[in-house]
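Novice: Each chain is listed here by its residues.
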Amino acid sequence: MTESIPSQFKENAVRQLADEDLRQALTKSKGHFTGGRQKSIDNLPEFEELRDKARDIKNHTIENLDFYLEAYEKKVLSSGGHVHWASTAKDAQEIVLNICQTVGATSVNKGKSMIGEECDINEALEAAGINAVETDLGEYIIQIRNERPSHIIAPAVHLTKAQVEESFRETHTHLDPERVLDEPPTLLEEARKVLRKKYFEAEVGITGANFLVAETGSSIIVTNEGNGDLSQLLPRVHIVLASIEKVVPNLEDASTLLRVLARSATGQEFSVYTTISTGPRRDEDLDGPEEYHVILLDNGRTSMLGTEFQDMLRCIRCGACMNHCPVYQSVGGHAYGWVYPGPMGAVLSPGLLGVDEAGHLPNASTFCGRCEEVCPVHIPLPKMMRHWREREFERHLTPNAYRKGIQLWSFIALRPNLYKRLTSFHIRILGWIGRRRGRFSSLPMAKGWTKYRDLPAPEGKTFQKQWSERS
Amino acid sequence: MKNNRVALFITCLVDLFRPTVGFASIKLLEEAGCEVVVPRQQTCCGQPAYNTGDRADTISIAKQVIVEFEDYDYIIVPSGSCAGMISKHYPALFSQDSNWLDRANRLSKKTYELISFLTDIMGVDSVDSEFQGTVTYHDACSGLRELSIHDQPRRLLSSIDGLHLRELDDANVCCGFGGTFCVKYADISNRMVETKAEQVIATGADTLLAGDLGCLLNMAGKLQRDGVELNVRHVAEVLAGMADKPAIGVPSKD
Amino acid sequence: MNNERNNIINNIRKSLGRAGPICSEEAKELNARVNKPVRNLLPSRTELPKNELINLFQKMAEDVFATVERVKNTDEIPDSLTDYLKKENLPAQVVMSPDPYLDNTPWEKQPLLEIRKGIPNEQDMVSVTSAAGAVAETGTLAMFSGPSHPSTLNFLPETHVVVLPVDRITKNY
Ligand code: SF4
Numbered sequence: 138m139t140e141s142i143p144s145q146f147k148e149n150a151v152r153q154l155a156d157e158d159l160r161q162a163l164t165k166s167k168g169h170f171t172g173g174r175q176k177s178i179d180n181l182p183e184f185e186e187l188r189d190k191a192r193d194i195k196n197h198t199i200e201n202l203d204f205y206l207e208a209y210e211k212k213v214l215s216s217g218g219h220v221h222w223a224s225t226a227k228d229a230q231e232i233v234l235n236i237c238q239t240v241g242a243t244s245v246n247k248g249k250s251m252i253g254e255e256c257d258i259n260e261a262l263e264a265a266g267i268n269a270v271e272t273d274l275g276e277y278i279i280q281i282r283n284e285r286p287s288h289i290i291a292p293a294v295h296l297t298k299a300q301v302e303e304s305f306r307e308t309h310t311h312l313d314p315e316r317v318l319d320e321p322p323t324l325l326e327e328a329r330k331v332l333r334k335k336y337f338e339a340e341v342g343i344t345g346a347n348f349l350v351a352e353t354g355s356s357i358i359v360t361n362e363g364n365g366d367l368s369q370l371l372p373r374v375h376i377v378l379a380s381i382e383k384v385v386p387n388l389e390d391a392s393t394l395l396r397v398l399a400r401s402a403t404g405q406e407f408s409v410y411t412t413i414s415t416g417p418r419r420d421e422d423l424d425g426p427e428e429y430h431v432i433l434l435d436n437g438r439t440s441m442l443g444t445e446f447q448d449m450l451r452c453i454r455c456g457a458c459m460n461h462c463p464v465y466q467s468v469g470g471h472a473y474g475w476v477y478p479g480p481m482g483a484v485l486s487p488g489l490l491g492v493d494e495a496g497h498l499p500n501a502s503t504f505c506g507r508c509e510e511v512c513p514v515h516i517p518l519p520k521m522m523r524h525w526r527e528r529e530f531e532r533h534l535t536p537n538a539y540r541k542g543i544q545l546w547s548f549i550a551l552r553p554n555l556y557k558r559l560t561s562f563h564i565r566i567l568g569w570i571g572r573r574r575g576r577f578s579s580l581p582m583a584k585g586w587t588k589y590r591d592l593p594a595p596e597g598k599t600f601q602k603q604w605s606e607r608s
Numbered sequence: 474m475k476n477n478r479v480a481l482f483i484t485c486l487v488d489l490f491r492p493t494v495g496f497a498s499i500k501l502l503e504e505a506g507c508e509v510v511v512p513r514q515q516t517c518c519g520q521p522a523y524n525t526g527d528r529a530d531t532i533s534i535a536k537q538v539i540v541e542f543e544d545y546d547y548i549i550v551p552s553g554s555c556a557g558m559i560s561k562h563y564p565a566l567f568s569q570d571s572n573w574l575d576r577a578n579r580l581s582k583k584t585y586e587l588i589s590f591l592t593d594i595m596g597v598d599s600v601d602s603e604f605q606g607t608v609t610y611h612d613a614c615s616g617l618r619e620l621s622i623h624d625q626p627r628r629l630l631s632s633i634d635g636l637h638l639r640e641l642d643d644a645n646v647c648c649g650f651g652g653t654f655c656v657k658y659a660d661i662s663n664r665m666v667e668t669k670a671e672q673v674i675a676t677g678a679d680t681l682l683a684g685d686l687g688c689l690l691n692m693a694g695k696l697q698r699d700g701v702e703l704n705v706r707h708v709a710e711v712l713a714g715m716a717d718k719p720a721i722g723v724p725s726k727d
Numbered sequence: 018m019n020n021e022r023n024n025i026i027n028n029i030r031k032s033l034g035r036a037g038p039i040c041s042e043e044a045k046e047l048n049a050r051v052n053k054p055v056r057n058l059l060p061s062r063t064e065l066p067k068n069e070l071i072n073l074f075q076k077m078a079e080d081v082f083a084t085v086e087r088v089k090n091t092d093e094i095p096d097s098l099t100d101y102l103k104k105e106n107l108p109a110q111v112v113m114s115p116d117p118y119l120d121n122t123p124w125e126k127q128p129l130l131e132i133r134k135g136i137p138n139e140q141d142m143v144s145v146t147s148a149a150g151a152v153a154e155t156g157t158l159a160m161f162s163g164p165s166h167p168s169t170l171n172f173l174p175e176t177h178v179v180v181l182p183v184d185r186i187t188k189n190y
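Protein chains in written order, with the numbering used here: chain A, 138 to 608; chain B, 474 to 727; chain C, 18 to 190.
Don't read these hints as lab results, they were simulated from the structure.
As the structure is a computational prediction, the values presented were derived from the model and not from experiment.
Positions of the beta carbon are idealized from the N, C-alpha and C atoms, including for glycine.
It is possible that some hints are incorrect.
[Claimed, not checked] Pairs of lysine-lysine residues, derived as BS3-like cross-links and limited to a Cα-Cα distance of at most 27 Å, are as follows:
#1 Lys330(A) - Lys104(C)
#2 Lys104(C) - Lys134(C)
#3 Lys211(A) - Lys45(C)
#4 Lys657(B) - Lys520(A)
#5 Lys134(C) - Lys89(C)
#6 Lys227(A) - Lys211(A)
#7 Lys557(A) - Lys500(B)
[What the hints assert, rightly or not] Have a look at the derived ranges for each label pair, beta carbon to beta carbon:
#8 Asp575(B) - Glu43(C): 29 to 39 Å
#9 Asp575(B) - Phe161(C): 53 to 63 Å
#10 Arg513(B) - Asn24(C): 55 to 65 Å
#11 Thr243(A) - Pro115(C): 29 to 39 Å
#12 Lys334(A) - Arg185(C): 33 to 43 Å
With the sequences and hints as input, model every part of the structure.
Specialist: Structure (structure tokens):
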């Protein structure tokens with residue numbers, strides 16, 4: 138796999154832009170997501186009001202996060218579960234390994250979990266000699282391709298059908314090489330068969346959580362394949378990996394969030410499966426895990442609280458912002474170089490990794506505002522990207538050429554007479570040079586522009602010059 | 474004429490690249506019954522600094538604009554993004570400074586983008602101009618999302634005899650301009666404007682219109698680089714009957 | 018471990034600008050929210066007479082590719098099930114939840130239907146359960162895990178047949 142890191146966003150982007158398969162795959166998925174969302178919203182007149190409520194629920198919870206986490210913890214314990222607290226990704230890894238080793242696990246089933254990605258759980262398990270099997274179809278595909286998810290809800294959205302087929306043929310060598318495998322249903326069917334076997338081999342199942350409910354001490358996952366659900370049901374031990382901001386006060390609140398989640402994510406009215414898990418199996422139960430562990434991860438989130446980035450903790454990971462982001466749709470998720478791509482990643486990644494490491498991401502936006510327009514919990518993503526830019530500017534992390542250029546422009550803009558003198562002269566020259574063709578195909582001071590576009594020439598004298606000559 | 478003394482904030486791009494838009498704006502405003510003044514001490518609204526994270530310079534520029542423009546009944550801007558900068562973002566700059574916050578808020582309330590001002594405040598519902606041809610319209614992002622400009626230009630365009638409007642697929646998707654974005658991330662910007670250009674061509678229109686000069690320069694530059702014969706203009710030029718001037722990036726005939 | 022916990026909780030408090038836990042007055046309110054949830058805004062599409070509600074449930078379920086078959090009474094269930102299995106080319110072999118509600122069904126009417134009660138295994142193709150509730154708003158079934166309804170029945174077999182008494186259909190979730 139080509140490792141990409143956030144600090145190399147530009148290089149990553151160039152590589153991704155040249156990838157024709159990616160372009161095809163993204164073009165195909167885009168309409169599906171945006172059109173689906175619009176349709177499901179048109180079907181629900183209350184959607185806007187629900188969005189406001191969803192925002193308020195998350196705000197309220199975040200403002201009282203300590204209280205709700207403690208209340209949640211109490212309920213988990215009283216239902217027979219365990220709660221572990223992890224300040225860093227490393228801590229979370231250790232807790233997971235510890236649990237796995239205690240039960241002598243050799244194989245672990247994984248439901249899709251972005252926190253799992255954030256903590257590199259698979260790598261940690263493999264290093265400890267434990268086999269980690271991704272059970273979500275998309276996650277499974279990228280696992281066998283040795284890649285990273287490129288999208289938070291559709292991890293393999295960057296791949297074409299043909300690429301998936303190729304990977305399946307390479308990996309599932311025990312199957313008939315002549316088999317027909319060119320339609321999504323046949324691919325799904327094959328993955329199910331292969332995975333089904335593995336469900337029964339694992340001693341531990343690891344899932345994420347979309348919500349943690351303080352009222353009941355439950356974790357909620359939403360899936361479309363039922364894979365995560367089996368991952369948590371069949372093995373002897375269930376580990377829930379969740380970040381601290383996933384908690385909500387009660388099931389009513391969770392219901393409101395669920396009403397906006399699936400619609401924003403995939404345009405579904407409701408996900409196929411919404412599973413609420415509370416504690417391990419009870420004595421009289423016939424199935425379910427014997428142990429239930431929750432790992433609550435901080436990993437930098439508490440340091441976003443109380444800052445201009447606090448609103449980001451409202452995120453319910455629906456992916457709508459990336460589905461509607463023209464930058465994401467151009468470069469794909471891998472360009473962002475870390476777990477969280479698109480607009481939400483552009484705000485969250487600098488918060489979790491540091492702006493030195495992920496400083497490109499909040500800059501790679503035109504501030505077109507489509508992400509904020511569709512975010513189900515009204516996160517002002519462009520505003521927060523701008524705040525990151527301000528922090529970079531303060532700390533002199535902005536590339537020097539831009540810094541100097543912008544400061545020079547501001548210097549001129551703050552001196553209207555100088556501005557007029559400079560522009561009336563230079564613009565006239567520029568207009569005069571460009572008057573024959575009406576545009577420039579290359580200009581020494583505008584290379585970034587003229588690499589791909591002509592630069593329309595100024596009409597001639599500036600407006601202000603002409604106006605002052607008239608009156 | 475009372476209460477209709479409007480100050481034109483010309484915007485630096487129009488000032489430097491496309492004065493025609495300025496004259497078109499004045500014509501439209503005067504036809505709507507406004508008295509138009511062009512304050513002399515004007516340059517740029519501060520967006521480049523603001524979007525680069527240079528808050529200190531942005532604040533200085535905003536103060537300069539406030540001082541120069543606050544005495545008029547309305548401040549009119551032929552650009553959604555610059556109008557949005559003044560009306561939506563200036564107040565956010567002064568959250569710590571109540572005196573300037575007041576002044577920014579007052580200015581914010583009387584600052585409008587040109588086309589929406591004509592329709593929503595001056596009640597203009599048709600223009601007296603002519604145009605022969607098929608146009609398509611791109612909704613520039615700030616105007617659309619910060620100022621809800623969508624129907625207004627379409628309504629006025631539909632009042633022009635001979636003009637046929639054909640809607641653009643994904644008209645609400647960014648063209649890839651984004652101020653300094655288009656040079657900082659030129660490769661990504663190129664993919665975005667490439668996609669936009671394909672969709673514009675697919676409409677079969679002979680003229681592409683929008684309300685923001687930055688986006689127009691970007692799209693015109695791309696179409697021309699690709700050798701596409703299509704006129705690109707600010708919507709005000711067509712509304713003001715000034716489409717006889719050469720289109721953006723097209724040399725004058727003389 | 019306890020240390021980690023305290024660190025995180027303390028960091029939250031510090032970031033939120035609080036020295037200690039939430040004051041007891043406020044905690045009372047929050048506790049009430051946790052323990053006595055109030056109904057939130059609900060989609061009005063379910064403001065319908067009972068019969069219409071059943072139709073809505075069916076429509077929403079069919080929109081997401083569920084097959085819905087209405088029967089008049091429990092007597093008709095065994096035939097309906099075997100017809101379905103035949104149509105889908107599935108074996109007349111099901112694993113069923115040990116649910117008292119399903120015991121009231123005269124399965125003996127279909128003597129060829131093989132029924133095993135309990136949890137499913139890898140080979141089971143079809144499971145049969147009831148559902149504790151159903152939501153007309155989205156066409157969703159609600160099941161509670163327990164001795165009379167092991168959850169694996171919902172996920173493991175490829176085909177899941179649910180017997181749903183219409184009076185369990187509610188408006189919203
Ligand atoms: S930021 Fe908003 S739109 Fe993006 S994933 Fe989070 S909740 Fe969804």
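Novice: Given the hint of 55 to 65 Å, is the C-beta distance from arginine 513(B) to asparagine 24(C) inside that range or not?
Specialist: This hint holds: roughly 60 Å between Cβ atoms.
Novice: Holds or violated: lysine 330(A) with lysine 104(C), Cα cutoff 27 Å?
Specialist: holds (23 Å)
Novice: Assess, step by step, whether the Cα of lysine 227(A) is no farther than 27 Å from the Cα of lysine 211(A), and give holds or violated.
Specialist: holds (25 Å)
Novice: That 29 to 39 Å hint for aspartate 575(B) and glutamate 43(C) (C-beta), does it hold up?
Specialist: Since the Cβ atoms of aspartate 575(B) and glutamate 43(C) sit about 34 Å apart, the hinted range of 29 to 39 Å holds.
Novice: Given the hinted pair lysine 104(C) and lysine 134(C), is their Cα-Cα distance within 27 Å?
Specialist: Measuring from Cα to Cα gives roughly 23 Å; hence the hint holds.
Novice: Between lysine 134(C) and lysine 89(C), does the CA-CA distance stay at or below 27 Å?
Specialist: Holds - the C-alpha atoms of lysine 89(C) and lysine 134(C) are around 25 Å apart, at most 27 Å.
Novice: Does lysine 45(C) lie within 27 Å of lysine 211(A) when you go C-alpha to C-alpha?
Specialist: Given pair lysine 211(A), lysine 45(C) holds - Cα atoms ~16 Å apart, limit 27 Å.
Novice: If I claimed the Cβ atoms of aspartate 575(B) and phenylalanine 161(C) lie 53 to 63 Å apart, would that claim hold in this structure?
Specialist: The hinted range 53 to 63 Å holds for aspartate 575(B) and phenylalanine 161(C), with Cβ atoms some 59 Å apart.
Novice: Between the alpha carbons of lysine 557(A) and lysine 500(B), is the straight-line distance 27 Å or under?
Specialist: Distance ~23 Å between lysine 557(A) and lysine 500(B) Cα, so the pair holds.
Novice: Could you see if the CB distance from threonine 243(A) to proline 115(C) stays within 29 to 39 Å?
Specialist: holds (33 Å)
Novice: Holds or violated: lysine 657(B) with lysine 520(A), Cα cutoff 27 Å?
Specialist: With a Cα-Cα distance of about 19 Å, the restraint between lysine 657(B) and lysine 520(A) holds, given a limit of 27 Å.
Novice: So the hint says 33 to 43 Å: do the beta-carbon atoms of lysine 334(A) and arginine 185(C) match that?
Specialist: holds (36 Å)
When held up to the earlier numbered hints, the structure conflicts with none and fits them all.
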